[in-house]
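**Q** Read off the chains here:
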Amino acid sequence: MKNSRSNKKQTLDEYLIFNALVDKIIAGEIRDEKSLNCFIDSFCDNGIEIKKFRKNFIGNLIDLLSEVETGLYKSDDCFPLVSMMLNYLERNYIKDIHLGDSSKKLGEIINKLLEYSQSFSQRQ
Amino acid sequence: MSDVLLKSFLTECKEIAGGFERLNSKHLKSHKDSFCTRDVVKDEPDYCLYLYQSAYSRKKKHLNKNKTVLIIYSLINRATIVDLQRNKSLVGDLLDTGCKVFLLDWKEFGSGTNNLSLSDYSFQFIDECVDFIKYATNNSDVNLIGLCQGGVFSLLYALKNKNKVRSLALMSTPIDFKTEKDTMSKILEHINLDLLYSVPYVSGSMLNSFFSMLAPYSVLQKKYLTLIAKQDDPEFVEKFMLMENWRMDSPRVSGPVLAEFIHIFYHSNAFYNEFIEFKSIKLKLDTKIDVPVLNLYGAKDRLVPPDASTALSGMVVKRSLYDEVSFDCGHIGMYTMGGKEKTPGQVIGLWLGEELF
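Protein sequence lines, in the order shown, are assigned to chains L and A.
Heads up, the first sequence is in my numbering, so the first residue is 12 and it goes up one at a time.
Heads up, the second sequence is in my numbering, so the first residue is 27 and it goes up one at a time.
No lab work stands behind these hints, which were simulated from the structure alone.
Hints should not be assumed to be uniformly reliable.
[What the hints assert, rightly or not] Label pairs and their calculated CB-CB ranges:
hint : chain 1 : residue 1 : chain 2 : residue 2 : range
1    : L       : D56       : A       : K366      : 54 to 62 Å
2    : A       : G364      : L       : S77       : 34 to 42 Å
3    : L       : S132      : A       : V66       : 25 to 33 Å
Predicted model, so just to flag it, every value in this text is computed and none were measured.
Positions of the beta carbon are idealized from the N, C-alpha and C atoms, including for glycine.
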């Protein structure tokens with residue numbers, strides 16, 4: 012993943028894994044290197060892949076965290092590194108609503124919920 | 027450096043996990059800390075009109091007849107936000123500057139009329155309240171204060187009833203619904219309005235889900251990191267609990283009214299047209315406003331980006347009738363500001379006292 016940020020598929024993978032990682036952090040499940048490795052390993056299914064995947068993932072994570080150091084993301088937040096990851100994910104999420112096709116997909120989700128509400132009210 | 031960075035990251039993760047454990051062992055209390063008392067002065071099937079009084083009236087304020095205000099709230103969440111916490115209360119600040127404060131509070135959809143339309147909220151109900159206030163206050167001139175969607179209702183009312191409104195203060199109110207950074211507008215482009223018209227109501231939980239979609243990492247995760255870090259600060263925890271309870275307590279809203287609002291404003295950007303048309307009541311409104319207007323907005327507002335609010339200046343016929351003030355806060359922060367800087371309530375109170383009119 013590390014040198015392929017322009018590769019859409021891999022950037023999406025990276026985004027989704029970071030997303031899963033912050034979920035685990037907020038759930039209090041990441042406490043040390045062991046639990047972080049355990050999280051990373053859960054994405055792999057054989058020993059060779061694990062080693063390569065772990066190296067790439069850590070590399071990408073450090074790339075991202077380095078942006079706090081270089082001042083790309085100014086953060087006065089508590090837990091600046093984790094907050095910065097959340098900022099990064101939200102910026103990408105919003106960017107995709109404005110420039111990608113997320114707004115359409117979110118609209119479809121809302122329309123599905125409305126369909127459900129409609130059938131619920133008709134049954135009443 | 028990378029090892030150091032990774033170590034710092036893991037230290038933060040560990041502190042977060044430990045912080046959550048500590049938080050779980052506490053019993054955070056839900057607070058109720060309103061600054062003011064209020065009386066129902068008009069109770070109708072679809073709304074209530076309240077008159078506020080300070081519960082801590084250490085000094086009797088001299089009420090100025092020109093400072094009779096009617097606050098008009100949005101249909102989303104509850105109007106309790108106008109007086110949520112002692113010393114951080116919009117209503118409290120208005121009372122302190124000598125205003126007589128009325129609040130038009132919408133009732134949850136389903137308890138009153140079933141076939142409501144946008145014109146009921148924007149014209150009929152506000153008009154009933156304005157007439158009532160004039161009668162009850164020996165013909166005071168009424169100043170409207172509109173909050174967010176309530177600001178849109180207030181503006182529509184003022185456009186239709188130019189002689190019945192002394193002035194208009196709008197807070198976090200969208201005027202241009204197509205600005206570049208408007209995330210809500212982008213998503214609402216894809217809503218099936220026929221479907222929304224056909225749904226009797228949209229539940230509060232569905233509305234909450236929608237608003238969480240606009241900034242999920244901030245709304246559902248990041249703020250809890252702040253709570254963990256500040257869990258030993260009682261003042262912070264109290265405000266956090268008040269805000270969370272308020273945010274989650276969202277009433278259901280009529281589907282057709284929401285659909286009409288989205289159609290007229292988000293899809294057609296009606297204030298940018300020469301006229302706004304309400305076909306159901308055969309009404310065509312000119313979009314020029316000629317009463318004094320004060321526009322207050324949050325520089326960090328994500329729901330209504332600053333550009334969406336400042337577009338109001340283009341609707342006012344004379345430059346001398348328009349003032350705007352930006353605050354260093356987001357959408358909701360406008361109603362709960364405290365501290366050393368002048369709050370929106372104080373700014374409105376002072377503005378109403380100026381010899382502008």
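**Q** Indicate, hint by hint, whether the structure satisfies it.
**A** Hint-by-hint comparison with the structure:
At roughly 58 Å, the beta carbons of D56(L) and K366(A) sit within the given window of 54 to 62 Å. Our hint of 34 to 42 Å for G364(A) and S77(L) holds, since their Cβ atoms are close to 38 Å apart. With their beta carbons about 31 Å apart, S132(L) and V66(A) fall inside the hinted range of 25 to 33 Å.
In summary, this structure violates none of the numbered hints.
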